[in-house]
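Protein chains: 2
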Amino acid sequence: MTDLQTEVLASARRAKKAAADLAQRPRGAKDAALHAMADALLARTAEIVAANARDTERARAGGSPAGYVDRLTLTEQRVAAIAEALRQLAALPDPVGETVRGTVLPNGIELRQVRVPLGVVGIIYEARPNVTVDAAGICLKSGNAALLRGSSSAKESNTVLVAVMRDALAAAGFPADAVQLVPGDSHEAVGHLMAARGLVDVLIPRGGAALIRSVVDNARVPVIETGTGNCHVYVDASADLDTALRILINAKTQRYSVCNAAESLLVHADVADAFLPAALAALAEKGVTVHGDKRVAGYSAAVVPATEEDFAAEYESLDLSAAVVDSLDAAIDHVNAYNTGHTDVIVTRDLNAARAFQLRVDAAAVGVNVSTRFTDGGEFGFGAEIGISTQKTHARGPMGLPELTSTKYLMVGDGQIRE
Amino acid sequence: MTDLQTEVLASARRAKKAAADLAQRPRGAKDAALHAMADALLARTAEIVAANARDTERARAGGSPAGYVDRLTLTEQRVAAIAEALRQLAALPDPVGETVRGTVLPNGIELRQVRVPLGVVGIIYEARPNVTVDAAGICLKSGNAALLRGSSSAKESNTVLVAVMRDALAAAGFPADAVQLVPGDSHEAVGHLMAARGLVDVLIPRGGAALIRSVVDNARVPVIETGTGNCHVYVDASADLDTALRILINAKTQRYSVCNAAESLLVHADVADAFLPAALAALAEKGVTVHGDKRVAGYSAAVVPATEEDFAAEYESLDLSAAVVDSLDAAIDHVNAYNTGHTDVIVTRDLNAARAFQLRVDAAAVGVNVSTRFTDGGEFGFGAEIGISTQKTHARGPMGLPELTSTKYLMVGDGQIRE
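Chains as they are written, first to last, in the UniProt record's numbering: chain A, 1 to 419; chain B, 1 to 419.
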């Protein structure tokens with residue numbers, strides 16, 4: 001065992017011990033700790049912003065793009081917003097202890113299934129220091145210890161943010177080890193985390209498809225895949241074309257770097273003539289490059305020929321794949337062949353088409369006459385979100401507080417034995 | 001890619017196609033198919049029993065123990081019971097389509113979270129041919145395609161059972177590929193199944209700890225761990241000792257080869273004198289070998305010294321580890337250190353002790369004054385059970401039909417876009 005592995009496992013063991021403590025804390029205590037963390041973040045804003053300045057300086061010097069540096073940046077105002085998010089978490093209901101179902105068995109045993117924390121949650125995430133606090137807060141509220149693995153480009157920021165939260169936890173009578181950064185800087189540390197069976201109850205990788213793929217392939221602890229989104233907008237033969245255009249432009253361009261942005265357009269052949277010329281013009285005006293099949297290309301010289309890879313791509317840029325399909329069935333088959341199980345929508349006035357699309361498309365969220373951009377914990381009213389699951393087990397779609405819990409069956413009897 | 005891998009992946013692809021069909025079938029059609037399968041099993045009983053006789057003959061010739069051969073054996077009566085179980089499945093509510101939650105968002109979007117099938121479920125199981133039909137039936141009822149990997153000792157039985165079910169499915173207008181045996185006889189086939197990302201939605205290994213460990217360590221598809229049970233009975237200082245003895249004997253001896261049988265006894269020091277002499281005598285009378293710590297050994301010369309391995313063991317035999325503990329806290333710590341997260345019970349008259357034990361013991365089921373043997377889908381009233389999950393994600397405890405589903409968010413609007 002290497003020193004780093006020893007260190008990672010020791011950290012996970014401390015997290016497990018802290019989790020056993022957290023599982024016993026009632027809502028009031030956890031909410032008070034969240035407010036204490038918010039207070040501490042506000043009180044130590046200068047320290048946080050100074051550490052963050054060292055990160056952003058290094059990123060800029062290393063030639064990181066402006067958008068990247070912006071997401072990395074913490075200002076006084078942003079720290080205040082992060083602290084406020086903790087207070088909003090405190091205001092949410094506590095999922096722990098909720099009775100999911102309960103009954104009295106024929107033999108008189110009272111049986112209840114209740115929500116309990118998962119235990120130790122490992123989160124691997126991108127270079128956004130606000131996630132450090134968000135994730136720690138969501139874990140704390142749901143009674144879980146957090147093992148946080150942020151990007152090395154946010155290292156100075158994360159170190160201070162975690163120190164501030166740990167100090168606040170300790171002052172509130174909580175185990176500081178409820179929130180920890182995974183030791184070490186290397187990818188090796190992530191490997192040790194992924195192998196920590198019996199210590200890490202679930203690992204949530206956020207970020208690029210390559211990271212998620214690597215974690216899923218190598219982890220020996222349960223993993224929840226999040227976030228990759230090759231989302232489709234299908235314009236049906238019976239679509240209201242003004243609605244379709246509004247939804248398409250919103251889904252593709254309102255914010256193109258996020259997982260619920262549209263990446264692919266399908267148009268029923270019957271409305272291609274009526275829809276595509278205006279749609280391609282509107283997309284071009286917004287700076288979108290369309291990668292289309294031959295039929296789409298027939299409507300504009302600006303269309304780039306689409307490859308198989310284009311239809312499978314999650315661009316997260318101002319690019320869009322597009323194809324004309326001959327039927328609703330062909331649209332559904334195309335979506336199921338290429339989607340990542342995130343969000344796909346149909347624009348239609350036909351009830352049967354809407355029903356068939358929602359029944360048969362295999363995705364976390366399937367919409368009728370809405371933008372793909374609504375698949376989001378905030379939009380769904382969850383109040384907090386740790387990520388958007390694109391797998392089918394445990395949780396699917398936006399993951400709020402209940403999705404960070406497990407359950408336990410409680411049996412109470414008076415001496416029942418099995419005959 | 002080897003021929004076997006090609007064959008396993010082709011089988012999984014056919015299962016995925018069948019699953020897409022199953023997901024659209026309403027309850028009535030699925031129930032009719034279950035009855036058709038039951039009818040076919042009855043009509044072809046002679047063929048099934050003859051194939052099974054070849055399996056049991058081979059097992060006997062190979063020197064398999066009588067209990068093993070018995071579990072492998074199908075008689076006319078047992079086939080009838082298996083068919084009847086399919087009819088009982090048909091009578092259960094269909095989890096698919098159930099609205100888990102639903103609301104109208106502030107922007108007018110109707111949002112519903114509904115249950116959908118997982119898709120393709122792989123099940124690796126022991127030499128009990130009734131599981132072949134049970135598992136196929138539970139998967140069908142919940143809209144999932146089943147990829148079954150039974151024991152090679154039940155090969156002839158399983159081949160005929162699956163052929164009978166496939167014929168019945170086809171006759172009922174269902175895709176026969178909704179039920180398949182995994183091709184090939186070797187462990188290699190299981191390896192290919194475990195690597196079939198994008199084709200197998202979940203893998204459920206049932207059986208020995210070694211098998212489960214190997215699947216968890218190597219699978220690249222989601223896995224639900226089932227069944228290992230190092231279950232504890234803790235006799236608290238305030239226990240009613242008659243109740244404690246009755247529960248202990250039931251939990252250990254009513255059926256010792258199952259996962260919810262007790263494997264470990266903890267006794268509070270205050271009642272050790274009053275409880276252990278009678279308990280050890282009663283256990284000895286039932287043929288139980290007690291592996292005890294020094295304090296337990298002080299009560300009977302028949303006690304075998306317990307090792308660390310004993311406290312961690314799932315014997316599934318007439319063996320029991322035992323220790324005296326000085327406090328409720330020590331009992332809880334011992335349980336959490338050694339249990340497998342299955343079922344642990346406390347015998348007590350003290351409300352605070354009961355609450356603390358149920359809050360702090362980390363297991364799928366935690367009981368007060370009941371036998372460990374009640375953790376079971378049938379006892380819990382689920383009507384059907386695919387296994388008992390000992391992990392925290394997706395499902396924990398007995399898994400019935402709802403546990404074989406995922407969910408999907410359905411959004412319906414009239415042109416909503418995100419501002």
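Calculated from the structure, these hints are not laboratory results.
Check each hint, because a few of them may be wrong.
Pairs involving identical chains hold if they fit within one copy or between any two copies, as the list cannot separate such chains.
[Unchecked claim] Mimicking EDC-like on lysine to aspartate or glutamate, the simulated pairs with C-alpha atoms at most 16 Å apart in a straight line are:
1. 17 with 329
2. 294 with 308
3. 17 with 333
4. 155 with 47
5. 286 with 316
6. 155 with 57
7. 294 with 326
Go through the copies and call it for residue 294 and residue 326: within, between, both or neither, with a Cα cutoff of 16 Å.
-> within (14 Å within a copy, 78 Å between copies)
Checking residue 155 and residue 57: alpha-carbon separation at most 16 Å within a copy, between copies, both or neither?
-> For residue 155 and residue 57, the Cα distance is within 16 Å only inside one copy (12 Å; across copies 66 Å).
Alpha-carbon proximity between residue 17 and residue 329, which holds within one copy, between copies, both or neither at 16 Å | Classified as between: cross-chain Cα gap 14 Å, same-chain 53 Å, threshold 16 Å.
Checking residue 155 and residue 47: alpha-carbon separation at most 16 Å within a copy, between copies, both or neither?
-> Within. Shortest intra-copy distance 14 Å satisfies the 16 Å Cα cut-off; inter-copy 68 Å does not.
With 16 Å as the alpha-carbon cut-off, assign the pair residue 294 and residue 308 to within, between, both or neither.
-> within (13 Å within a copy, 69 Å between copies)
Checking residue 286 and residue 316: alpha-carbon separation at most 16 Å within a copy, between copies, both or neither?
-> Within one copy, since 15 Å is at most 16 Å while 67 Å is not.
First find the shortest C-alpha distance between residue 17 and residue 333 inside one copy, then the shortest across copies, and answer within, between, both or neither for a cut-off of 16 Å.
-> Between copies only: 11 Å across, 48 Å inside.
Violated hints for the displayed structure: none, as all numbered hints are satisfied.
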